Amino acid sequence: MRFLLRRLGFYLLSAWVALTINFLLPRLMPGDPATALFARFRGRLGPEAMQALRETFGLTEAPLLSQYVTYLGHVLRGDLGISVAYFPSPVSAVIGTGLVWTVFLAGSAVAISFAIGTLLGLAAAWWRRGWMDTWLPSTLVFIGAFPYFWLAMVALYVFGFGLGWFPLGHAYADDLTPSFSATFFADVARHAALPVATMVLATLGGWLLSMRNTMITVLGSDYVNLARAKGLAPSRVALRYAARNALLPSVTGLGMALGFVLGGSLLTEIVFSYPGQGYLLVQAVRNQDYPLMQGIFLVITLAVLGANWLVDLAYLWLDPRIRESAS
Amino acid sequence: MAQTSGVSAWWGAIRRDRKATSGAVLLALFALIGIAGPWLVGDPQALVGIPLQPPSLQHWLGTTGQGQDVLAQLVVGTRVSLAIGFAVGLVVVLVGAFVGITAGYFGGRVDGLLSLLFNVFLVIPGLPLAIVIAAYLPSGPLTLGLVLIVTGWAWNARVLRAQTLSQRQRDFVAAAIVTGESDFRIITREILPTMTSLLVAQVIGSTVYAIGAQVGLEFLGLGDVSAVTWGTNLYWAQNDSALLTGAWWTFAPTGLCVALVGFGLTMLNSGFDEITNPRLQLERAWRAHLFARGHKATRSTPVVVDHD
Amino acid sequence: MTEPLLSIRDLCVDYVTDRGPVRAVDRVSLEVDRGEILGIAGESGSGKSTLAQALLRILPAPAVISGGEVHFEGRDLLSLTENELRALRWKRISMVFQSAMDALNPVTTVGEQIIDTLHAHSTITAGAARARAGDLLEMVGINRGSLDAYAHQLSGGMRQRLGIAIALALEPSLVILDEPTTALDVIVEREILEHIRALQRQLGFAVLFITHDLSRMLQFSDRVAIFYAARLVEVAPAAELRRAARHPYTQGLLRAFPSVHGGAVELTSIPGAPPSLENPPTGCRFHPRCERAVDLCRECSPELRQLAPGHSAACHLAE
Numbered sequence: 001m002r003f004l005l006r007r008l009g010f011y012l013l014s015a016w017v018a019l020t021i022n023f024l025l026p027r028l029m030p031g032d033p034a035t036a037l038f039a040r041f042r043g044r045l046g047p048e049a050m051q052a053l054r055e056t057f058g059l060t061e062a063p064l065l066s067q068y069v070t071y072l073g074h075v076l077r078g079d080l081g082i083s084v085a086y087f088p089s090p091v092s093a094v095i096g097t098g099l100v101w102t103v104f105l106a107g108s109a110v111a112i113s114f115a116i117g118t119l120l121g122l123a124a125a126w127w128r129r130g131w132m133d134t135w136l137p138s139t140l141v142f143i144g145a146f147p148y149f150w151l152a153m154v155a156l157y158v159f160g161f162g163l164g165w166f167p168l169g170h171a172y173a174d175d176l177t178p179s180f181s182a183t184f185f186a187d188v189a190r191h192a193a194l195p196v197a198t199m200v201l202a203t204l205g206g207w208l209l210s211m212r213n214t215m216i217t218v219l220g221s222d223y224v225n226l227a228r229a230k231g232l233a234p235s236r237v238a239l240r241y242a243a244r245n246a247l248l249p250s251v252t253g254l255g256m257a258l259g260f261v262l263g264g265s266l267l268t269e270i271v272f273s274y275p276g277q278g279y280l281l282v283q284a285v286r287n288q289d290y291p292l293m294q295g296i297f298l299v300i301t302l303a304v305l306g307a308n309w310l311v312d313l314a315y316l317w318l319d320p321r322i323r324e325s326a327s
Numbered sequence: 001m002a003q004t005s006g007v008s009a010w011w012g013a014i015r016r017d018r019k020a021t022s023g024a025v026l027l028a029l030f031a032l033i034g035i036a037g038p039w040l041v042g043d044p045q046a047l048v049g050i051p052l053q054p055p056s057l058q059h060w061l062g063t064t065g066q067g068q069d070v071l072a073q074l075v076v077g078t079r080v081s082l083a084i085g086f087a088v089g090l091v092v093v094l095v096g097a098f099v100g101i102t103a104g105y106f107g108g109r110v111d112g113l114l115s116l117l118f119n120v121f122l123v124i125p126g127l128p129l130a131i132v133i134a135a136y137l138p139s140g141p142l143t144l145g146l147v148l149i150v151t152g153w154a155w156n157a158r159v160l161r162a163q164t165l166s167q168r169q170r171d172f173v174a175a176a177i178v179t180g181e182s183d184f185r186i187i188t189r190e191i192l193p194t195m196t197s198l199l200v201a202q203v204i205g206s207t208v209y210a211i212g213a214q215v216g217l218e219f220l221g222l223g224d225v226s227a228v229t230w231g232t233n234l235y236w237a238q239n240d241s242a243l244l245t246g247a248w249w250t251f252a253p254t255g256l257c258v259a260l261v262g263f264g265l266t267m268l269n270s271g272f273d274e275i276t277n278p279r280l281q282l283e284r285a286w287r288a289h290l291f292a293r294g295h296k297a298t299r300s301t302p303v304v305v306d307h308d
Numbered sequence: 001m002t003e004p005l006l007s008i009r010d011l012c013v014d015y016v017t018d019r020g021p022v023r024a025v026d027r028v029s030l031e032v033d034r035g036e037i038l039g040i041a042g043e044s045g046s047g048k049s050t051l052a053q054a055l056l057r058i059l060p061a062p063a064v065i066s067g068g069e070v071h072f073e074g075r076d077l078l079s080l081t082e083n084e085l086r087a088l089r090w091k092r093i094s095m096v097f098q099s100a101m102d103a104l105n106p107v108t109t110v111g112e113q114i115i116d117t118l119h120a121h122s123t124i125t126a127g128a129a130r131a132r133a134g135d136l137l138e139m140v141g142i143n144r145g146s147l148d149a150y151a152h153q154l155s156g157g158m159r160q161r162l163g164i165a166i167a168l169a170l171e172p173s174l175v176i177l178d179e180p181t182t183a184l185d186v187i188v189e190r191e192i193l194e195h196i197r198a199l200q201r202q203l204g205f206a207v208l209f210i211t212h213d214l215s216r217m218l219q220f221s222d223r224v225a226i227f228y229a230a231r232l233v234e235v236a237p238a239a240e241l242r243r244a245a246r247h248p249y250t251q252g253l254l255r256a257f258p259s260v261h262g263g264a265v266e267l268t269s270i271p272g273a274p275p276s277l278e279n280p281p282t283g284c285r286f287h288p289r290c291e292r293a294v295d296l297c298r299e300c301s302p303e304l305r306q307l308a309p310g311h312s313a314a315c316h317l318a319e
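Residue numbers (my numbering), protein chains in the order written: chain P, 1 to 327; chain A, 1 to 308; chain Y, 1 to 319.
A couple of the hints might just be wrong.
[Unchecked claim] Now the in silico label distances, taken between C-beta atoms and shown as ranges:
| no. | chain 1 | residue 1 | chain 2 | residue 2 | range |
| --- | --- | --- | --- | --- | --- |
| 1 | P | A115 | Y | I124 | 28 to 36 Å |
| 2 | A | R185 | P | L302 | 57 to 65 Å |
| 3 | P | A186 | Y | S79 | 53 to 61 Å |
[To be verified] A few chain Y residues facing chain P, derived, Cβ under 8 Å:
| no. | residue |
| --- | --- |
| 4 | A87 |
| 5 | S99 |
| 6 | S122 |
| 7 | A239 |
| 8 | R242 |
Hints in this document: simulated from the structure, not taken from any laboratory.
Computed from a predicted model, the values in this text were never measured in an experiment.
Every residue gets a Cβ at the ideal spot worked out from N, C-alpha and C, and that includes glycine.
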C-alpha cells in the first residue's frame, strides 16, 4: 500500500512538472510573451480572441508568481483556455471529443501487442530452436524499425486503398450515429482494425525480445532447476515458475514504454484521420494554436500517468515482495 | 582469450556474429550514401518533371507531388538525417551519463534528486512534450536537436545510474577510495572504463531513437519544412495526399531507409548483447556438439558417449 | 552383501564450451548403501555439485554426460526417458540446494511449492495435500501457518529447513544435500544438521552430503569421499579418514582444520591453488602441490586402490 502511495506521489509531482513546463514555455519565447503572441496572431484574431489568449496564459501585468497561481487555479478547475483554431470553443471541450478515441486506439493496441508479444517471447525462450526463436524476432524487430506512421501509410495504401478491405479513415462510418448497438461496435472495430494492427505489428518485436531474454535468464535460475528436479510437469515449470517471474520485468517495461507508444499512436491517428488527439494536435501545430497544443500535452501526460499507475497496480498484484511495505 | 571490453572485443564480436556483421555493412552503405551521395544526384529541390510520376528510367524513384526527383531527395536527406541522428544520439548519452553516473556514484540526496529528475522526464510522454517545445522555437535543426535531447536523455541516465551503482559496490572501487583517490579520478579511471561497451550500445540505441523521433517530428511539420530530410520528405508526401493519389513511391522508399538504418543499428547492438549477456550464447557450442552426434537437445542432461 | 542403493561407475561429465569440452567429473566411481550417509568433500569447482546434479540429470546446458554408468535401485539412470526421469525425480531421489533463497520461487507461496510436488507424483486430494504439507513443515520445526507465506518472509534458517521439508515430501530413498548450510551461521548450521540426522534415523533415507567443510562432514557422515580436480582421490569411513588419511591432499586438508580440543598445533595450508579444469596437470592432478611428488606422479595417473577394508586412495605412494 505504501508502494502505491509513493508512486501516486511521484505521478502528482510529474503532473506538476508538466504543468509548470506548460506555464513557462510561452514565457521563454524571446521578448515579452504577450507582444510576441500578438504579433503572431495579429490579423487572424479579433480582440476578444486575443484577450482570451492572454487570459489563458495568465499573461497579465501581475508578477510571475501570481500569474502562476492563477494559472494553476485555472487548470485545477479544468479550464485549459480557449482554442485559437476552434475559437470560441474552450480547449477542454475540443479535447474531450477526441480523448475517448485515442484511449481506445492506443489502449487496445498496447494490450493486444503486449499480450501476444509476451506469449511469443515465452514460447521462443522455451523451445529455443523453433521458428519463434530464429526468424520471427528478427523479422518483428525489422518491422519495428519502421516509423509507426509509415507502417500505417503502407497498410492504408495496401489494404485500404489497394485492396479495399478496410475503410480509409475515421473511427466509424460517416452515416452512422454513435449508439450502443452491435452494428455500431462492429463498424468501430472495422475502422480500428488497420490502425491497431499496424501499431501492434510495430511494437510486437520489442515485447517478444524483452520477454524472451528475461525468460532465458529465469530458466537458468536455481528455483527453476529445483522445479525440474522435483519432477514437475514441464508446463508447470514453464508457466508457474519461469514465466510468472519473467513477467515482472516485462510489466515494468510496459510502464516505461507507455509514453512512447502513445506518441506513436498519435502519429498513426494522423495517417488514418482518426478523430483522436493526434489529429487535433496536428491542427494545433498548423494553426499555431498554443492553448490547444498545451492542453493536449497536459491531457495526454495525465492519461499516461494514470496508465502508469494502473501498471503499478498490476505489478503489485504480481510480485508479493512489493506487497509488504514495512515487513 | 575472451576479453570483456575493448575495441578488439567489439571487432571480434562484429565479425563473429552474423547479425552484427550485416548490421555493420548496412550502416557502412548508408554512411557512404550520406557522404558521397549528394554529389552524384542533382538538386533535390529542382522541379525536374511532371508531378507524381511513377518510377521510370529518368527518375528511378519517380517524382513528388511538386515535381521533384524522389531519389535525389532521398539521397540528400540521408546526410542530414543521419548526421542529426548520430549527433543527438551521442549528446543524449553524454548528458545521460553525466547525470546517471553522478547520481549512482554519489548516492544520498544527490541521487535522490537526480533520480527524481530523470524519472519524471521518463514518465512524461516524449512526443507531446517535444511538439510543445518545438512549436515555440524557430524551426530548424537546432530546435529539433534540442527537443530530441530533452526528451531522450532520461533513459540513458537511468541505465547508467544502475550500472554505476553496481560498479560502485565492487572491491576495486572501495580500494581506490581507501587509497584516497579523488572522486573524479575514480569515476573516470576506475568506473568509466568498465562501461565502455555499455556506452557504445547506448549510443547506438539512442541514435535509433533520434532518427525515428526526428522523422516523426518532421512528419508533423515541426522541422524546417523547406529543408530536405527524410522526415520532411514524408511530411510533403502526406501533404500532397500521396496515399489518396496512389503515389506510393513518394513515401515508401524513405520509410524503408529509416527502417534499414534502424535495423542495421539494432543488429549491430545485438552483437554486443552477447558480450553483456553470456547466457544467450552459452548453448551454441553445446547444441553443435549434440547435433554432430545425432542427439537432440533435451531438457534433462543428455548422455552423449563418444566411442573412440 | 545387499546391492548398493546407488552405484556410480566411471562417470564422466563434460561442459561443452566454445573452446571445447571441459571435464568436470572424471571417471568417478562410488557406491552408496541404503540408509548410509556419504559425504563428498572438495574445494569449490572441484566437481562435486556437478556430480550431484548429474545424478538427477538436471544439469543445464552446456553440460553433457560423456561416459560411465549410474545404477539406482537396480535401474540405469542414464538410459531413462524424460517421462521416466520425471517420475523418478523427487520420488526416489531428492535434493536440497545450496542457496535456499534462490531455490524457492519468489512469487508463489511456500505451501504451493510443497503441494505441487505432491500433486505431481500422486493422486492426492487438495485437502490431503495441504494437510501433508503442514505436517512436513512441522517435521522440520516450522509453524504450520507458514504455508501461506512467501519465501522472502522466512529467515535463512527457516528457508533451509523448508528446503529439507520439500526434499522429504515424497519420502525418497536418497537425499542429496548440496552445501546445505554454507550460507548459514554455525549455530543454525549445527542445528539443521542434527535435525537432518534425526530425520534420517527416523525415516531411513540415504544421504549424499556435499560440502567443502571437511570437519563438519567428518562429524556428520558415515563414509567420506574426497574430490580433487574432477577426480575422486580418497574414500574411507569417516572415523578412519580422520585418524589415518592416506592421500597427501586429504592429509593437507586435515592439517588445515585443527581440532578445537587438544593442544596447540601449527596450522599449515596446502601451497598453490587448485588447477583449472580446462588444462589440468598431467598424471596425478595433485602433483604440482604435493611435497612428496616423484616423477611417476607427473607421468602416470593413479587409480583408486584399496589400501584397507573400505579405504581406497588414488596415490602412487600411499600404502
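Given A87(Y) was flagged as interface, is its beta-carbon under 8 Å from a beta-carbon of chain P?
-> Holds: closest Cβ of chain P sits about 7 Å from A87(Y), inside 8 Å.
Does 53 to 61 Å hold as the CB distance between A186(P) and S79(Y), or does it fail?
-> Holds, since A186(P) and S79(Y) (Cβ atoms, about 59 Å apart) stay within the stated range.
Quick one: are A115(P) and I124(Y) within 28 to 36 Å, going by C-beta?
-> holds (34 Å)
Hint check: 8 Å Cβ-Cβ cutoff, A239(Y) to chain P | This hint is violated: A239(Y) lies away from chain P, its Cβ roughly 32 Å from the closest one there, beyond 8 Å.
Can S99(Y) be said to touch chain P, with a Cβ gap under 8 Å?
-> Interface hint status for S99(Y): holds (6 Å vs cutoff 8 Å).
Hold the hint about R242(Y) up to the distance rule: shortest CB distance to chain P must be less than 8 Å.
-> violated (32 Å)
Going by Cβ atoms only, is S122(Y) closer than 8 Å to chain P?
-> violated (11 Å)
Starting from the hint 57 to 65 Å, judge whether the C-beta atoms of R185(A) and L302(P) obey it.
-> Once the Cβ atoms are compared, 45 Å apart, the range 57 to 65 Å for L302(P) and R185(A) is violated.
Hint compliance for this structure: hints 2, 6, 7 and 8 are broken, all remaining hints hold.
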